[in-house]
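Colleague: Residues per chain, in single letters:
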Amino acid sequence: MTSSKDIQESQKITKSESKSGISRKDFLFSAVGLFAVVGGITRHDFANNAFAKPLNGTRMAVLYDSSKCIGCRLCEAACKRKNQLSQEKNPGELSKTTWTIIQATPYGNKPDLLLKRQCMHCTDASCVAVCPTGAAMRKGEYVVIDQYVCIGCGYCEASCPFGVPHTNPPKGTAEKCTFCYDIVKTGSKPACVEACPIGALKFGARTDLLTTAKTWVHKLVEVGWPEAQLYGENELGGLGMIYILLKPPAFYGLPEQPRLATKNVLVQWASGSLTAAALVAPLWFLFKRIS
Amino acid sequence: MITWGYQICLDLWLAGLAAGSYFVAFLAERFGKHTDHQLLHTALYIGIPAALTGVIFLITDLGYPLRFWHLFVFINFKSPMSLGSWLLMLWMAIAVLIVLLWHTRNRLPIKPGILHRIMGYLRWAGFFVSMLLMTYTGALLAASVRPLWASTFLLPPLFVVSAISTGAAILILTGLITRMWKTHGETIRRMIQAVSIVIMVELVILTVFVLWLSQSGIPGANESMKMLTIGMLAVPFWLGVVFLAILVAFVLYVTHWNKKVGDHRAVFGASVVSSVFVIFGGLILRFVIVIGGQI
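Chains as they are written, first to last, in this note's numbering: chain E, 838 to 1128; chain R, 8 to 302.
In short, the hints are calculated from the structure, not lab data.
Glycine included, each C-beta is placed from N, C-alpha and C at the ideal position.
There may be inaccurate statements among the hints.
Unchecked claim - Taking lysine-lysine pairs in the BS3-like style, the calculated list, with each CA pair at most 25 Å apart, reads:
id	chain 1	residue 1	chain 2	residue 2
1	E	Lys1026	R	Lys189
2	E	Lys933	E	Lys917
3	R	Lys85	E	Lys976
4	R	Lys189	E	Lys1100
5	E	Lys1125	R	Lys189
6	R	Lys266	E	Lys1125
7	E	Lys1125	R	Lys85
8	E	Lys905	E	Lys917
9	E	Lys1100	E	Lys905
10	E	Lys1039	E	Lys905
Claimed, not checked - Facing chain R, a subset of chain E residues (Cβ under 10 Å, in silico):
id	residue
11	Val967
12	Cys997
13	Gly1041
14	Ala1042
15	Thr1044
16	Leu1046
17	Leu1047
18	Leu1057
19	Gly1075
20	Tyr1089
21	Ala1107
22	Thr1112
23	Val1117
24	Ile1127
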C-alpha cells in the first residue's frame, strides 16, 4: 500500500523532472535516436577499411602461376561472358569493359613472359581508403565497387597502385573485377579460374595456396629461374590475388613496394595546415602596421 | 589516361582562391583592427561565387553528376575528397550566413550584443575552415599513387601558399578596380607587401619540390620532374608559373610597394598587372600539376 510519504517522494521526482524539462528516459531515447539518425545520415561503415571477416570463414584467394600460363586468354573471355562486358578482341589493357587481361612482356629473344592483370583485392585497399561515397567497399575479403553508389569521381583510379579501376570510356562509374564474389559465396569458383584449361589459376584457402606457391617457387629457382618469387603474400596487408613470378615485379610493371594511397595523408594535411599557420606571423607583422 | 581534366584544375584554383582571399582578408582586418568588415565581405562576395563555380565544375566532371549528393550522406575520414566536400559545404554555409546576418542585422530579433558575438564566432570558424580548405586542394592529389603528386610532402604547402597569393592578389585587384584603395589604401599597400613575401615563399617551396622529386628515388618521380621542367609542360611551368606569376609579379610589386596606390598611374598599373599574373599563375600551376600527374 502506497504511503503518503511515497506519494510525496514521487511528486518530488516529478517536479524535479519538470524543472529540468527532460527525464532520464527521454534523454536516453533521444540520444539513441540522434545516434541512429546521424549514423544513418553519415552511413559510415567503420569496418570498411579493415579486413572484414571472410565470407566462408576461411580467407580465400586466387593463385596465378605465370610459369604455367600459355596465354590462351580463355580467362579474359570467361570474365567478359560472366559479367556481360563488351567482347572486344585483344583489349590490351584494363578498362571499364575489360576486367582482366593477359599481359605479355618481351623477354629478349625468348618467348614473352605472361602475367594476368586484374584487381588484386588488397587487404589495405587504396580504393576503399579514398572513396568519398563508400561505393568501394569490402564484401568479406573481396573489394567491390557498388555501381548504385559510385559517382564516378575517379579517385580510386588515381589511387590504385595497380591501375585497376577505370571510370571511362565511356565516362561513368568505376568498374573492375569483383572476384565473382556473387558466385564464390555460394561455393563456385571465379569465372577465370573455372575457364583456365591448364591449371595456371587456382582458387582456394589463402594459406594453402601460399604453401603450394612457395614450394613451386623453390622448384622454379632450381630449374633455372633464379629470380622466381611470390608476389602478394604481404604486400598491402596481403593480396587476394597471389602471383608466382619468374622475374622481379618491376619487370612486369608491378610496383615493388605498393603503397596505400592514404598512408601519409595525415602528414600531408599537417604540412599544409602548418604552412598556413606559419604564414600568419609575417602577415601579422605587416597588417599590424596598418594605421 | 587523363581522368581529371580542366574542371578539376578550375575547381582547385577557385576553391583555393576563395579560401585564400578569406584567409588574407580575415587577418588584415583582425591585425589591422578594421571594424567595418568591408574587406572580409569583399572576400566573401568574390569567394562565394568562386567556390560555387568550382563546385559546378566539380559536379560536371563526375561520371554521374546527378549523384553528387552521395558525397553528403557519407563521410570517410581517410579520404581527402570526402573531407574536402564537407569542408567546402561548411565554408559556403559559413560564408553565406555571415553575409546574410550582416545584411539583415538591423531586422533580426536578436540582441545586437549576441549577434555580434555569433558573427565573431562565424568569422573565426570561417578562418579555420579556410585554412583546411586550402590544404585540402593539395592533400587531395597527394593521397594518391601518382609520382608527381605523392612523392613529396610539399604539394599541400605549395597549394596553400598559391591559394594565399591568389587570394590576396584578387583582393588587391578588386580594391584597385572598385576604388576601395581610396578608403583602404594602406591595407592594400600592406597586402601588396604581403603578396610579395608569399610569392617568394612559393618560389622556395617550388624549388624544393622540384629538387625533392628528382632525388626522392621513388619510381616515376624523376620522370615527372623532367616533364614539368624540360618536357611537354615546361613552357607553361616556366613562363606562366615561375616567370610571370612569381618573378615578374614580384619585381612589379616590390618596385612600387612603398608608394601609395593612388600616387601615380604606373603604381596603379603595375599592381593591376602583377595581380593578374599571380591570379592566373595559380591556375597555370594547378593545370601543370593536375595534368602532369596523369601523364
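Colleague: Determine for every hint whether it applies to the structure shown.
Modeller: Right, here's what the structure says about each hint:
| no. | hint | result |
| --- | --- | --- |
| 1 | E:Lys1026 with R:Lys189 | violated (77 Å) |
| 2 | E:Lys933 with E:Lys917 | holds (11 Å) |
| 3 | R:Lys85 with E:Lys976 | holds (19 Å) |
| 4 | R:Lys189 with E:Lys1100 | violated (50 Å) |
| 5 | E:Lys1125 with R:Lys189 | holds (19 Å) |
| 6 | R:Lys266 with E:Lys1125 | holds (18 Å) |
| 7 | E:Lys1125 with R:Lys85 | violated (38 Å) |
| 8 | E:Lys905 with E:Lys917 | holds (22 Å) |
| 9 | E:Lys1100 with E:Lys905 | violated (35 Å) |
| 10 | E:Lys1039 with E:Lys905 | holds (11 Å) |
| 11 | Val967 | holds (5 Å) |
| 12 | Cys997 | holds (7 Å) |
| 13 | Gly1041 | violated (30 Å) |
| 14 | Ala1042 | violated (30 Å) |
| 15 | Thr1044 | violated (29 Å) |
| 16 | Leu1046 | violated (26 Å) |
| 17 | Leu1047 | violated (26 Å) |
| 18 | Leu1057 | violated (26 Å) |
| 19 | Gly1075 | violated (19 Å) |
| 20 | Tyr1089 | violated (13 Å) |
| 21 | Ala1107 | holds (9 Å) |
| 22 | Thr1112 | holds (4 Å) |
| 23 | Val1117 | holds (6 Å) |
| 24 | Ile1127 | holds (4 Å) |
Hint compliance for this structure: hints 1, 4, 7, 9, 13, 14, 15, 16, 17, 18, 19, 20 are not met, and every other hint is.
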